[in-house]
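Asker: We have chain A; now place chain B onto it with these hints.
Residue numbers (numbering that gives the first Met the number 0), protein chains in the order written: chain A, 0 to 425; chain B, 0 to 262.
Where hints are given, some of them may not hold.
To be verified - Incomplete in silico selection of chain A near chain B, CB under 7 angstroms: (1) V172; (2) L175; (3) K240; (4) L243; (5) P266.
The hints are simulated quantities; they were obtained by calculation from the structure and are not laboratory data.
Quick caveat: nothing in here was measured; it's all calculated off a predicted structure.
Yeah, the Cβ is synthetic: ideal placement off N, Cα and C, and Gly gets one too.
Single-letter residue listing:
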Amino acid sequence: MSKPTWKNPIVKWIDHRLPVFTFINHSAVTYPTPRNLNYFWNFGSLAGMVLVILIASGVVLSMNYSANTEMAFDSVERIMRDVNYGWLLRYVHMNGASMFFIVVYIHIFRGMYYGSYKEPRELLWIIGIFIFLAMMATAFLGYVLPWGQMSFWGATVITNLFSVIPFVGDAIVTWLWSGFSVDNPTLNKFFSLHYLLPFVIIGLVFLHLWALHTHGSNNPLGIDVKGDQDQVPFHPYYTAKDALGLGVFLIVFLGVVFFAPNFFGEPDNYIEANPLVTPPHIVPEWYFLPYYAILRAVPDNFIDVWGILPVIIPAKTAGVIGMFGSIILLLLLPWLDTSKVRSAKFRPTYFWLFWIFVIDTIILGYIGAKPAEGAFLLVGRLATLYYFLHLLVLVPLVGRFEKTRPLPDSISSAVITTGSNAKEGS
Amino acid sequence: MFKKALISAFILILLTGGIYIKPVQAAGGVVHPESQDWTTNGLFGFFDRKQLKRGFQVYQEVCASCHSVRLIYYRNLAEIGFSPDEIKKIAAEAEVPAGPNDEGETHNDGEPIMRPAKLFDKIVSPFPNDLAARAANAGALPPDLSLMTKARVNGPNYVHGLLTGFKDAPTGFKISEGMNYNPYFPGAQIAMAAPLSADSVEYADGTKATVEQMSKDVTAFMIWTAEPELEERKRLGLKVMLFLIVFTAMLYAVKRQVWAKLH
Numbered sequence: 000m001s002k003p004t005w006k007n008p009i010v011k012w013i014d015h016r017l018p019v020f021t022f023i024n025h026s027a028v029t030y031p032t033p034r035n036l037n038y039f040w041n042f043g044s045l046a047g048m049v050l051v052i053l054i055a056s057g058v059v060l061s062m063n064y065s066a067n068t069e070m071a072f073d074s075v076e077r078i079m080r081d082v083n084y085g086w087l088l089r090y091v092h093m094n095g096a097s098m099f100f101i102v103v104y105i106h107i108f109r110g111m112y113y114g115s116y117k118e119p120r121e122l123l124w125i126i127g128i129f130i131f132l133a134m135m136a137t138a139f140l141g142y143v144l145p146w147g148q149m150s151f152w153g154a155t156v157i158t159n160l161f162s163v164i165p166f167v168g169d170a171i172v173t174w175l176w177s178g179f180s181v182d183n184p185t186l187n188k189f190f191s192l193h194y195l196l197p198f199v200i201i202g203l204v205f206l207h208l209w210a211l212h213t214h215g216s217n218n219p220l221g222i223d224v225k226g227d228q229d230q231v232p233f234h235p236y237y238t239a240k241d242a243l244g245l246g247v248f249l250i251v252f253l254g255v256v257f258f259a260p261n262f263f264g265e266p267d268n269y270i271e272a273n274p275l276v277t278p279p280h281i282v283p284e285w286y287f288l289p290y291y292a293i294l295r296a297v298p299d300n301f302i303d304v305w306g307i308l309p310v311i312i313p314a315k316t317a318g319v320i321g322m323f324g325s326i327i328l329l330l331l332l333p334w335l336d337t338s339k340v341r342s343a344k345f346r347p348t349y350f351w352l353f354w355i356f357v358i359d360t361i362i363l364g365y366i367g368a369k370p371a372e373g374a375f376l377l378v379g380r381l382a383t384l385y386y387f388l389h390l391l392v393l394v395p396l397v398g399r400f401e402k403t404r405p406l407p408d409s410i411s412s413a414v415i416t417t418g419s420n421a422k423e424g425s
Numbered sequence: 000m001f002k003k004a005l006i007s008a009f010i011l012i013l014l015t016g017g018i019y020i021k022p023v024q025a026a027g028g029v030v031h032p033e034s035q036d037w038t039t040n041g042l043f044g045f046f047d048r049k050q051l052k053r054g055f056q057v058y059q060e061v062c063a064s065c066h067s068v069r070l071i072y073y074r075n076l077a078e079i080g081f082s083p084d085e086i087k088k089i090a091a092e093a094e095v096p097a098g099p100n101d102e103g104e105t106h107n108d109g110e111p112i113m114r115p116a117k118l119f120d121k122i123v124s125p126f127p128n129d130l131a132a133r134a135a136n137a138g139a140l141p142p143d144l145s146l147m148t149k150a151r152v153n154g155p156n157y158v159h160g161l162l163t164g165f166k167d168a169p170t171g172f173k174i175s176e177g178m179n180y181n182p183y184f185p186g187a188q189i190a191m192a193a194p195l196s197a198d199s200v201e202y203a204d205g206t207k208a209t210v211e212q213m214s215k216d217v218t219a220f221m222i223w224t225a226e227p228e229l230e231e232r233k234r235l236g237l238k239v240m241l242f243l244i245v246f247t248a249m250l251y252a253v254k255r256q257v258w259a260k261l262h
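Looking at chain A on its own, in the form it has when it is part of the complex (with noise of 0.2 angstroms):
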């Protein structure tokens, strides 16, 4: 791909001084990508895209809304009715974090599905990681802006999670709620911080981006580019197919909007914070809810029950270690998968490993929206176990003694010989 000639002038002084459009040229519009990305290719792109609604959205909306414990809660319902198109905005604003979450999980999951995580994308994956990190805390400062009943109750509950730190537990936890309880001055500061995350976001992504136009896109197959022959420029090729991609997930998310847009909310979130009333049953998100369940599933007395940690941990810190294991495990799975083979297409036993894991993540979401108790606990318990017993055993395991399929010559001649399978690569 050689240098650009520009023809028109400002852009060719400009360009000659601060090469902004042969930058955006290189990396949008010749950019080399595999020319078999399938539509789970996709996701990438869309999550950008959300990551851009939710801030436009944002911005608009923090023109009307007062970080004020005494009027928060009817600052967003004066944005609901009385502020030209308001609705429309807090609703876009609010599921469109539920739809940032749908679009991230199932790009996470696709980079687990063909290996995108593997050598030379280690970095790639582990930038993305903390970007997901980084939406979490975002999405969960936000939620507690409107100063719902589930917004105080979430913030108690997950700000009392940093308390199990060792000698500095309850320092931390008094700090973050700059007082005694999460209070007003709690609600000024994670209305500032939620400002603040997703430009920390914005800068992670452009890492993320980095990270993957030096080495380029995985594909479906797992195997690297040969060749020009296997390669097409992203524009018109994937901007064509990104823009079909986000036309039918507007359907989705503004079909949301409009017609169910409380859909992924809890109902408590419509009824004033009230400190001296605790809802029935704390929920977070949906988006959370796995996480929940691995916060929960720990038994009391830990020690007695499993017999292997040589300290006493109280529930509640293995809990947390257990939630927060979870999330930063995934920072190692490059390096706890050790097959060299990146696309479960190829390794018949991963694949099922995948689907299996699949499951147990939707099962753990499952029960973190169920009472801890009975049977819930139980399920909760063994999903648990399971998902780490994926990650630290199943996984590297897998990998050394799984006897994968043939990968083939190279992209070019796996989508050419079998015609079947280039339609569908398409």
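Answerer: Chain B alone, transformed into the frame defined by chain A:
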């Protein structure tokens, strides 16, 4: 083939995840309310303004003695079909603190100076604050109704079930002092006594005021107070969907054409 089925199943589960999550919170209630045929349901949902006016009448003559709708202004009543003159009359029946007069006084002999409410005032609440409300209701707090149908699982059906669900407690069920049996309420005991009885109100439009009718009307009114944008939202939504479907079909054609060169 099998893999494709698995993948689609997975996406389906992700997208419908919320459905499985929903019934969980409903577990607090004792009986699940029956689904009613609200005019606001569905893609073409709309407000039946005659019904909303009746619902407001029920609210004003029955509910308003204990329950507020603090997020609603008198001016909002124009949205459900009241004329400006009617609203002015409704507003003038209530009083609000007048604020400082020419001498800068807000109180006269310790009593706040009052003036009739106007269009720009919020609908006056029955009690000045929560404590006063509790004091007048044997310790129970009558909740604000502005967001009621959004603040309960399956809100509209729940409210209607509750309003029509008062009955004698089954034998063996222990009712606390001053409480009433209602199987739709979490715990089946509620401080509110059955608020509606036949002909509690006399409808201006001649509709027969059965308990069922009044309950439906006032619930419809509460759907409006909770989601006054509902009608506009669904109308705009249909246009947006129509546009997106056509637009996406065109994007599909573009994509096919671009990729045709490659196949």
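Asker: Hints first: check each against the structure and report whether it holds.
Answerer: Verification of the hints:
Violation of the interface hint for A:V172 is found here, the shortest Cβ-Cβ separation to chain B being roughly 27 angstroms, above the 7 angstroms cut-off. Violation of the interface hint for A:L175 is found here, the shortest Cβ-Cβ separation to chain B being roughly 27 angstroms, above the 7 angstroms cut-off. Against a cut-off of 7 angstroms between C-beta atoms, the interface hint on A:K240 holds, since the closest Cβ of chain B lies about 6 angstroms away. With a least beta-carbon distance of about 4 angstroms to chain B, the hint placing A:L243 at the interface is held under the 7 angstroms criterion.
Annotation: interface hint on A:P266 holds; nearest CB of chain B at approximately 5 angstroms, less than 7 angstroms.
Checked against the numbered hints above, the structure violates hints 1 and 2; every other hint is satisfied.
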